[in-house]
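S.K.: Line by line, the protein sequences are chains H and W.
Per my numbering, residue 1 is the first one in the first sequence, and the count goes up by one each step.
Per my numbering, residue 1001 is the first one in the second sequence, and the count goes up by one each step.
Quick caveat, the hints were computed from the structure, so don't treat them as lab data.
Fair warning: there could be bad hints in the mix.
[Stated by the list, open to error] Within a straight-line C-alpha distance of at most 27 angstroms, the following computed DSSO-like cross-link-like pairs (lysine-lysine) qualify: (1) W:K1248 with H:K298; (2) W:K1013 with H:K373; (3) H:K330 with W:K1149; (4) H:K483 with H:K451; (5) W:K1227 with H:K373; (6) H:K330 with W:K1204; (7) W:K1251 with H:K373; (8) W:K1251 with H:K330; (9) H:K261 with H:K200; (10) W:K1251 with H:K298; (11) H:K92 with W:K1251; (12) H:K330 with W:K1013; (13) W:K1227 with H:K384; (14) W:K1248 with H:K330; (15) H:K298 with W:K1149.
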Amino acid sequence: MESKTPVVQMRNITKAFGSVVANEGVWLDIYKGEILALLGENGSGKTTLMNMLSGIYFPDEGQIFINSEEVVIRSPKDAFDHGIGMIHQHFKLVDVLTAAENIVLGLKEPGRLDLAAVSKKVRALCDAYGFDVDPDQKIYDMSVSQKQTVEIIKVLYRGADILILDEPTAVLTPQETEKLFTVLRNMRDDGKAIVIITHKMNEVEALSDRVAVLRHGHFIGDMPTAETDAHEMTNMLVGHPVELSIERPDPVDPKPRIEVKNLTVRSIDGILKLEDVSFTANSGEILGIAGISGSGQKELLEAIAGLQPVESGSICYVNDAGQREELLGKDPLSIAELGVALSFVPEDRLGMGLVGNMDISANMMLRSFRRGKSLFLNRRAPQKLAEQVVSELDVNTPGISTPVRRLSGGNVQKVLVGREIASAPTVLLTAYAVRGLDINSSYTIYDLINKQKMSGVAVIYVGEDLDVLLELSDRILVLCGGKVSGIVEGRGVKKRDVGMMMTRLGGAKADE
Amino acid sequence: MNNHNGPLFHISKRKNLLWYQAWAIRGAAILLALIACAAITTLLTGENPLNVYATIFRGAFGTTRKIWILLQNMSILLCISLAVTPAFRMRFWNIGAEGQVLVGGLATAACMICLGGRLPNWALILLMIVCSLLAGAVWGLIPAFFKAKWNTNETLFTLMMNYVATQLVAYFVIIWEVPKGAGKIGIINQNSMAGWLPQIGGQKYLLNVLVVAVITVLVYIYLNYTKHGYEISVVGESERTARYVGIKVGKVILRTMALSGALCGLAGLLLVGGTDHTVTTTIAGGRGFTAVMVSWLAKFDPLVMIFTTFLLVFLDRGAGEISTVFGFNQSFADILTGVILFFIIGSEFFIRYRLSFRKIAKKED
Chain H
1 MESKTPVVQM
11 RNITKAFGSV
21 VANEGVWLDI
31 YKGEILALLG
41 ENGSGKTTLM
51 NMLSGIYFPD
61 EGQIFINSEE
71 VVIRSPKDAF
81 DHGIGMIHQH
91 FKLVDVLTAA
101 ENIVLGLKEP
111 GRLDLAAVSK
121 KVRALCDAYG
131 FDVDPDQKIY
141 DMSVSQKQTV
151 EIIKVLYRGA
161 DILILDEPTA
171 VLTPQETEKL
181 FTVLRNMRDD
191 GKAIVIITHK
201 MNEVEALSDR
211 VAVLRHGHFI
221 GDMPTAETDA
231 HEMTNMLVGH
241 PVELSIERPD
251 PVDPKPRIEV
261 KNLTVRSIDG
271 ILKLEDVSFT
281 ANSGEILGIA
291 GISGSGQKEL
301 LEAIAGLQPV
311 ESGSICYVND
321 AGQREELLGK
331 DPLSIAELGV
341 ALSFVPEDRL
351 GMGLVGNMDI
361 SANMMLRSFR
371 RGKSLFLNRR
381 APQKLAEQVV
391 SELDVNTPGI
401 STPVRRLSGG
411 NVQKVLVGRE
421 IASAPTVLLT
431 AYAVRGLDIN
441 SSYTIYDLIN
451 KQKMSGVAVI
461 YVGEDLDVLL
471 ELSDRILVLC
481 GGKVSGIVEG
491 RGVKKRDVGM
501 MMTRLGGAKA
511 DE
Chain W
1001 MNNHNGPLFH
1011 ISKRKNLLWY
1021 QAWAIRGAAI
1031 LLALIACAAI
1041 TTLLTGENPL
1051 NVYATIFRGA
1061 FGTTRKIWIL
1071 LQNMSILLCI
1081 SLAVTPAFRM
1091 RFWNIGAEGQ
1101 VLVGGLATAA
1111 CMICLGGRLP
1121 NWALILLMIV
1131 CSLLAGAVWG
1141 LIPAFFKAKW
1151 NTNETLFTLM
1161 MNYVATQLVA
1171 YFVIIWEVPK
1181 GAGKIGIINQ
1191 NSMAGWLPQI
1201 GGQKYLLNVL
1211 VVAVITVLVY
1221 IYLNYTKHGY
1231 EISVVGESER
1241 TARYVGIKVG
1251 KVILRTMALS
1261 GALCGLAGLL
1271 LVGGTDHTVT
1281 TTIAGGRGFT
1291 AVMVSWLAKF
1301 DPLVMIFTTF
1311 LLVFLDRGAG
1321 EISTVFGFNQ
1331 SFADILTGVI
1341 LFFIIGSEFF
1351 IRYRLSFRKI
1361 AKKED
């Protein structure tokens, strides 16, 4: 590999947004026939750097060379003309069109549109690299991984030979991830240059040939993946050594706390979201919920929190004295009035859990502002709570009167979790609590959740990273298409088995 | 090769702009607006722009009477702006203030016409207050109900309600017209003055000014310091967050629109009972829409609204004056008002964002 010249050379690239410097003096080389993993914590400038290559942003300073020739990339079209294609985290597909129609969308080819020819060409691409997609299928009929495949083909169809994928595995099951990796390896062997943006160490190790690390917008270094290991990479990533294992203390005096029986939920459009779901969540225990995204996790948590209309079933809260309260059909306010201390860290932090434009202290009183008979707000208590959360959870903020939308993802989550655990809950629901958080913040959140468990809280933890779920949960409930595919012990279960259960009801029946 | 092939400038969000810097930008905008207006004036009319400006100023402040009219216009416009503000903070685009003012005024007139002389004056006025507030509230509640229940588009709905209100007033004007066939009501209870709001210290407009001053403070407190105000902000920022913390969104929408409508009704009361003593289809005179601009310009802050109201009324009064003094037609005054507003509203862009022009790269690698 040493003798090759890089197909892309980024030299001294700097990009600032206002006063925030996203990239500073970054040098990066991308080679043909190689998979480069671009590794970095959130906010380290990985995506920004690649967006400059794909024409979404324009660098403030620096040069980009393609095949040793300096180029100016001002738009995604310019990027395509240089053979650069990017697959974004959020797919940009038209739902009601077929795969083939989406693929040619926006292409200015002379003459009449010949969809049959397009399909043929798409099929040829599929055969060449091992994609599994039907060009004539509508997008709305497709799974997340199929949609991603369409995005990749779209880029290849336009003749890209430098592909950038922004956290491609975030939405995939382990099996789908493996499939994607196979395809990417095929493309590499075909001589394409591939960059994947990721912060998952195991993916870097499994897939990449070379890894480049960014930290705080600076290029820290790159090396062949074979010559490094997860520890060294993490240290480069964070800048100081970190402990990589998640603690799992034994459950504390587990007693049934939430009993869900035969829960069935339909969306407004009448689509079955949860079907006959039954389980018990115990106090002093973390119940992990695994499943492909969209398998009913959101509906399950929202049903317990009183935010989701339910078709049938029952959700019982059992208090310490053994008294039972039915939560079904109650809104969050009446649930709280029953004396059920239920906290919920929703998936959509700024759209649901917090108000982005309000400051930290105003967000602290979202839950508690009704207290007392006075017509007026008590601002003192939330201010104190805000100060407490900021200091105890080490929230990085200019002050408690900073609007939360100005905070970084990890700090936003700390504010939200801090508020939710401040009310001394007996049940804690969390949805994707560490999504988008860097390693340090993630571990802070795991610690907080473990502390809640140790103090006897029944924790229901919806996660997407199976490795974390397997390390953190006492028991894991696997959802598949809205049904319970199985409930397994967190200790000793194999990742592969949980992965199977996520895609097939009951998983491989062989193990039970 | 240099970087000068890149975009010529780019726009970035400003952070931490100090208040005086923001005001400096606004001041510069007004200055630029005046220069632009001067150029337009000289080009189109040949008049000395300084004379024109002096006339604008005289139009607003020239005599005691003019100052009172300025204050009266300000208080009505401010009252309506305050009325729409709670709804706006909730991101409920109530552009039906015009209609809500009209029905408030109509309710006032109805009380005066039907009950004038049959009730003691204090009871009549009390009834007028209640009826006008109620009428306005109902006019606000109707679109709010449909919004809360079926998520109808409140902008279209409140706009339509304006036309209904106008037609309603037109209908009653015919029923109550004096004399028959005149097509207008004329001064109600001209001799008995029944139902006329009392004048304080012999000043026709002082009561309105005082009432609106009190309302301004109350609305400010309501929005910023009460639990209701907080709920309004949360619902406005994100309905999902509101539901998540157990705020009953529908209830907040209804309550806030009832308040919004009632304050518009109050403006109707002040207009009909306090100053005009008659009702026509044009008593609101477009102020229901101007109020939208006042509220937005002030970023929904009741105290800042005092200044934005002043600005608009001042321009309006001044513009009216130059069209009479110089014999220009009204359109010329409108052109100047438009230019000034354009600069002032445009300055908000430069307060929020910064334009950075690309530096030509100094050194090459």
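S.K.: If a hint holds in the structure, say so; if it does not, say that too.
M.R.: A quick look at each hint next to the structure:
| no. | hint | verdict |
| --- | --- | --- |
| 1 | W:K1248 with H:K298 | 21 angstroms, holds |
| 2 | W:K1013 with H:K373 | 41 angstroms, violated |
| 3 | H:K330 with W:K1149 | 19 angstroms, holds |
| 4 | H:K483 with H:K451 | 30 angstroms, violated |
| 5 | W:K1227 with H:K373 | 10 angstroms, holds |
| 6 | H:K330 with W:K1204 | 55 angstroms, violated |
| 7 | W:K1251 with H:K373 | 19 angstroms, holds |
| 8 | W:K1251 with H:K330 | 17 angstroms, holds |
| 9 | H:K261 with H:K200 | 36 angstroms, violated |
| 10 | W:K1251 with H:K298 | 26 angstroms, holds |
| 11 | H:K92 with W:K1251 | 38 angstroms, violated |
| 12 | H:K330 with W:K1013 | 43 angstroms, violated |
| 13 | W:K1227 with H:K384 | 18 angstroms, holds |
| 14 | W:K1248 with H:K330 | 12 angstroms, holds |
| 15 | H:K298 with W:K1149 | 25 angstroms, holds |
Hint compliance for this structure: hints 2, 4, 6, 9, 11, 12 are not met, and every other hint is.
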